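**Q** So the chains spell out like this:
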Amino acid sequence: MSDEQFYREVILDHYKNPRSYGVLEHADAHAEGQNPLCGDEVTVSVKFGDDGETIEQVGFEGRGCAISQAATSMLTEIVRGRTASQVAALPKEELLDEIGIPLTPARIKCAILGLGVLKVALHRAKGTPLPDEWQGMDFA
Amino acid sequence: MKLDAHKLRTDFPIFEQTFHGKPLAFLDSAASSQKPRQVLDAMTHFYETSYANVHRGVYQLAERATQGLEDAREKARAFVNASSAREIIFVRNATEALNLVAYSWGLNNLGPGDLVLVTELEHHSNFVPWQYVARRTGAELALIPVDDQGELRLDGLDAYDNVKVVASGLVSNALGTVNDSAALAAWAHERGAIYVCDAAQAAPHVRVDVQALGADFVAVSGHKMLGPSGIGFLWGRADLLLRMEPFLMGGHMIRKVSAGETTWGELPAKFEAGTSPMAEAVGLGAAIDYLESVGLEAIEQHEHRLAAYALDQLSEIPGVTLYGPPPDRRAGIVSFNVDGVHPHDVAQVLDEDAVCIRAGHHCCQPLMAKLGVAATNRASFYLYTIPEEIDRLAAGVRRSRELFL
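Residue numbers (this note's numbering), protein chains in the order written: chain B, 1 to 140; chain H, 1 to 405.
Just chain B, same shape as in the assembly:
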C-alpha cells in the first residue's frame, strides 16, 4: 500500500481540520490518557443531553500522529447522539472500519487511543465498563 493510499484524503482532512476540537467548559465527563508506546496524549470531554445519558456534545484535544488525531476526530462524529452505555460497548472495529485502512497492531493502538479515553471519561461519569487495556489504572 502506498503512502497516498495509507494516508487517504479523509484521514488527512480529519488530521488537518479536526472536528469537535477543544475542551468543553462545564463538561459532564472528562478524561485524558496517553499511549505508553509513543507518549501521545488525548483529552476528551462530553456533555450529555437532558436525559443525562445521550452524548450531546463532545470535544477533544491532543497531540499525536495523524492516525490517532484523525481517528479521535472521526470518533466524535460517530458517538454524538448515542448514549453513554452504547458508546461504552462500541467495538473498536466500528471505528477501525471508519478509518478504512489496514493498520498494524502498533498503529491500532494509535487509532483507538481516543476511544479508550472517551470510555474512561464515561466510566468516571456513569460507571460504564472500561476497555481491557485501561483496567487496573487509577481513575479515582
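Derived by calculation from the structure, the hints in this document are not laboratory data. Being a predicted model, the structure only gives us computed values, none of them experimental.
Computed footprint of chain H on chain B; a stretch qualifies when at least three of its residues, placed anywhere within it, have a C-beta under 8 Å from a C-beta of chain H: (1) 33 to 45; (2) 59 to 67.
Listed below are the simulated DSSO-like cross-link pairs for lysine-lysine, each with C-alpha atoms no more than 30 Å apart in a straight line: (3) Lys370(H) / Lys16(B); (4) Lys370(H) / Lys109(B); (5) Lys7(H) / Lys75(H); (6) Lys109(B) / Lys22(H).
For each residue, glycine too, the CB sits at the ideal point set by N, CA and C.
Given the coordinates of chain B, assemble chain H onto it according to the supplied hints.
**A** Leaving out everything else, chain H in the frame of chain B:
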C-alpha cells in the same frame, strides 16, 4: 583502521531479504542490533554439541556447557577490562543489571536525607528503578539537567548535598550524547557516593573500560551489540558486590540452605539464581569476538562519519529540527522532528521504502518533556550501516513533508 560496511553486511542474514521489494535499511540499531551469522552459528553449535545445565553436572557434557558459559564470562571481562571474571554477573539485559543495583545496593544503603542523582538524559531503565527505590527508602531524587544541545550541565553539581548515588548513561540512547562518565565517577567518589553507569548504548560503539571510567557498576545489554536477546551483564566492584544482599533467590546462588536459614554463594553465583542463559552467553561471547575483530575504534569512527553525514543531509530539509550535540561528541544516533509531521507518520512513510527508524519517546520521557516534545524520530547506525541508507532516510523525510504539507 577503516571498516568495510558493505563487506560486513554479508555476515548478517537479515539483509538477504527485501521488504516491499526493497533492501532493508535498518536504522534502528540503538533499539536492538542485527546478528551476524557467527553469533547465530555459535549458539547453534553450542546447542548441538555442548548443551546441558551448567555447574552441577559431573558428566563431560555438563562440563563442556559450563566451559561455554565461563568462556563467555572471560570474554565479557576482557571486553570491559574488568580485573576479575567474578565481577561479571550475567543478567537478562541492562535493565535487569540496573534493577539489581537499585534493589540490592539501593534498598539497603539509602534512607531519608540521602540524594540519588540521575540525569535528564536517562533511559527509563536507569531512572524508574532509582525513582522507585528513592520512594521506598525516603531518599530524594534529583536530575542533572541537559543544555540546549542535549549535553549534561555539570557546572551546577556542587549545589547537591548528601549525594549517595550518581547514575547516568555513558551514551544517550535518545540523542547519542557521549557523557563524561569518568568525571561524574570522580565527582561521586569525592563525595563518598557510588557511580552507576548504564553502558547499554555505549558498549556496542565505543571502548568501555570499567577501570578507566572509575565506575562502581556498569550495565551492558548483549542484544544491542550483535548478541542475542536475553543476555547482558553487570560489572560491579567486587568489594561492593560482596557486601550486597542478593537480588533474586533460588538455585545456584546459595552456599547452604536449611529450614532456618540460607547463606549466599560466592561471586558471581550469588547474583545468578536459577539456570543461566547459557546459549545466549555463548552468543554474546561470539559477538564480542566479532566486535574485537572489526575493532571498536573503527566502529566508532564509522559511526561518527555516518552521524555527520546524516546531520548534514537532514539539516538541508526545510522544517527539520535536529536534537543533540555535534557529530564529534555523539554516537551514531540522530534524533529529529519534522515540522507538522508526527514521528509515527514519518516512520510510516519511511517503512514504505523499507527504511526502519524508531518513532516515539525512546523510553526517555523526562528528556522529551525537557525538549518540549512528546516524541522524536530516531535514526541510529551501526557497523553495517551504509551511506546509501541515509540517502533513503533523507528522501523519505522529504516525501513525508510533501504528503502532509
